[in-house]
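If you want the building blocks of each chain, they are given just below.
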Amino acid sequence: MKIADVHKSFGHLEVLKGVSLELMKGDVICIIGPSGSGKSTLIRCINALTPFQRGSIKVMGIEVNDQHLDKRALRRRVGMVFQQYNLFPHRTALQNVMMAPIQVLHQPRKEVEARARALMKKVRLEGKENSYPGEMSGGQQQRVAIARSLAMNPEVMLFDEVTAALDPETVKEVLVTIKQLADEGMTCILVTHEMRFARDVADRIYFTDRGVIVEHGPPEEFFTSPKDARTRTFLGQLS
Amino acid sequence: MEVLHRSAFRMPPAHLAPVPPVRLRAWFGLVLIALIVLPAAFADAAATTAGRAGIFATLARWTPLLLRGFGFNILISFVAMTIGTALGAFLGIGLISLSRPIRQVSWTLTQFFRNAPWLVLLFFAMFMLPFQLRIGGLLIPLPDWMKAVIGLSLPVMANVGEIVRGAVLSIPSGQWEAAESLAFSRHQQIWTIILPQCVKRMLPPWMNLYAILTMSTVLASIVGVNEVMTLAGQVEAAEGGRTDLLAPLYGWILLWFFLYSYPIARLTLWLERRYHVEI
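Those protein sequence lines, which keep their order, are chains Y and Z.
For the first sequence, my numbering gives the first residue as 1, with consecutive numbering after it.
For the second sequence, my numbering gives the first residue as 1001, with consecutive numbering after it.
Don't take every hint at face value.
What the hints assert, rightly or not - With a straight-line Cα cutoff of 16 angstroms, these simulated EDC-like cross-link-like pairs (lysine to aspartate or glutamate) come out:
(1) Y:Lys-179 with Y:Glu-215
(2) Y:Lys-179 with Y:Asp-5
(3) Y:Lys-227 with Y:Glu-215
(4) Y:Lys-71 with Z:Glu-1180
(5) Y:Lys-71 with Z:Glu-1177
(6) Y:Lys-172 with Y:Asp-203
Unchecked claim - Residues from chain Y that face chain Z, not an exhaustive set, calculated with beta carbons under 10 angstroms:
(7) Pro-51
(8) Gln-53
(9) Leu-87
(10) Gln-107
(11) Pro-108
(12) Arg-109
(13) Val-112
To be verified - Chain Y regions said to be covered by chain Z (calculated; three or more residues, Cβ under 8 angstroms):
(14) 30-37
(15) 89-100
(16) 140-153
Quick caveat, the hints were computed from the structure, so don't treat them as lab data.
Every value quoted in this text rests on a predicted model; they were computed, and no experiment measured them.
For glycine and all other residues, C-beta sits at the position ideal for the given N, C-alpha and C.
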């Protein structure tokens, strides 16, 4: 995947001022930075949820900044998990996981159900298959959302501040699930405020501020000897 | 945890407590009965001492006929609601269409039929529609009551359209985004993800609309449909226009409408509670 010189404005407000980054299959990167620095906007551009004005994003050969982009073809290969889980409240956990593969990919129900049950087990929610989202905790819902996204067999997963709305005690169960995915070789882009987790899981950290990538590098280097003054200020505020 | 706390959060401090809503209650019906029966009893006594037929006897004699008329009102309300809801569902989908022309046409239709007085629409339907339709070689008669149904289903359609649009807009945008990012088509998003969540939000206003429609079926008497009000007028005339019959006669019919609407109001309330619809 290659992101080159992406610009995005909402009206007069320029949110992304030329962002570029590149990642290979199996890479796990974390994007961190202060609120309003354009982190979420950037990953929403990747699966075309937010259109952008200039620049190029290429995902597995698909150019996102293209008028004739087949959004559905792109989204079949890019999974996304949101801060607010966004499970479908009128369906059970298992149905949430099964819906898209059956309706979008037209896969046989039996096969999908077996896979969905396996995914529920993988996110350690065995026995919760028939619960409705309203009956589950935030952490459980978020893990269902991850399973729902994985059911499409995506090649890249985008995580948009997925633990920001959770209670501290449930954050960990979600992070463990993501870590497990990363260890299995899933290509992941995470926007997160969990510094310790970012350090633990990422191959590279990208620090954004006011619409640009200020600094990036391997986590050890990034956290122990940040080069840019803005990065140092940001990390200083955290500790 | 979140679930446990939600009810606590919804309890505002005492000085901010909302004024309890006024609901239709069973004792309203009792008051209504008292208001009708007491004067009727006096009139009845006065009539019998004056040598005329008693009020209660007269009412009883005409009740079977009036009930047939009332059944007609219910029939009109049912059919108009069915047609209006079916058309309104499509209109509502049109109101949220991504295509600008479809949205504009739907908007115009909605505004026109929602803001036009029902009686005017009824007159339009009465006098603009032919008394029979020829489709191919088939002659379909269009009786007056059917025209009234069409006239009444138009405002119902527009109101249902608005109910659908309002319910769709009340679904958090995250639902659309999640559906989008799972590569659902727009059609699938609307029919399998958004609309099913709307049903319970739409039920209370929809049933409310039905109650209003039921009351409005009496408008059909003005255009000559043989429903309960038309028949009541004829009964009054047949009784020689005696004035002591007026209040008990129309009160009697009013009571029927109450008896019909009350269970609907209770059912709406029950559905609201059952689905935790927040108003």
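Quick rundown of the hints versus the structure:
1. Proximity of Y:Lys-179 to Y:Glu-215 is assessed by CA-CA distance (about 24 angstroms); at most 16 angstroms being required, the pair is judged violated.
2. At most 16 angstroms may separate the alpha-carbon atoms for a hinted pair to count; Y:Lys-179 and Y:Asp-5 exceed this at roughly 29 angstroms.
3. Distance check on the hinted pair: Y:Lys-227 and Y:Glu-215 sit about 8 angstroms apart at the alpha-carbon level, within 16 angstroms; holds.
4. Distance restraint check for Y:Lys-71 and Z:Glu-1180: the Cα-Cα separation of roughly 9 angstroms lies within the 16 angstroms cut-off, and the hinted pair is therefore satisfied.
5. About 13 angstroms separates the Cα atoms of Y:Lys-71 and Z:Glu-1177, which keeps this hinted pair within 16 angstroms; it holds.
6. About 20 angstroms separates the Cα atoms of Y:Lys-172 and Y:Asp-203, which puts this hinted pair outside 16 angstroms; it is violated.
7. Checking Y:Pro-51 against chain Z: minimum C-beta separation of about 13 angstroms lies over 10 angstroms; hint violated.
8. A hinted interface residue such as Y:Gln-53 counts as satisfied when its beta carbon comes closer than 10 angstroms to some beta carbon of chain Z; here the least separation is about 20 angstroms, so the hint is violated.
9. Proximity of Y:Leu-87 to chain Z holds as hinted, the smallest CB-CB distance being about 8 angstroms (cut-off 10 angstroms).
10. For Y:Gln-107, the suggested interface contact is broken, since its CB lies about 13 angstroms from the closest CB of chain Z, more than 10 angstroms.
11. Interface hint at Y:Pro-108: violated, since its Cβ lies 18 angstroms from the closest Cβ of chain Z, which is beyond the 10 angstroms cut-off.
12. Because the closest C-beta pair between Y:Arg-109 and chain Z is about 15 angstroms apart, greater than 10 angstroms, the hint is violated.
13. For Y:Val-112, the interface hint is violated, since its Cβ never comes within 10 angstroms of a Cβ in chain Z; the closest pair sits about 13 angstroms apart.
14. For the segment 30-37 of chain Y, the stated coverage by chain Z is violated: 0 residues have a C-beta nearer than 8 angstroms to a C-beta of that chain, whereas at least 3 were required.
15. Given a C-beta distance limit of less than 8 angstroms, the hint that chain Z covers the segment 89-100 of chain Y holds, as 4 residues qualify and 3 suffice.
16. Given a C-beta distance limit of less than 8 angstroms, the hint that chain Z covers the segment 140-153 of chain Y holds, as 4 residues qualify and 3 suffice.
The structure is inconsistent with the numbered hints 1, 2, 6, 7, 8, 10, 11, 12, 13 and 14, although it conforms to all the rest.
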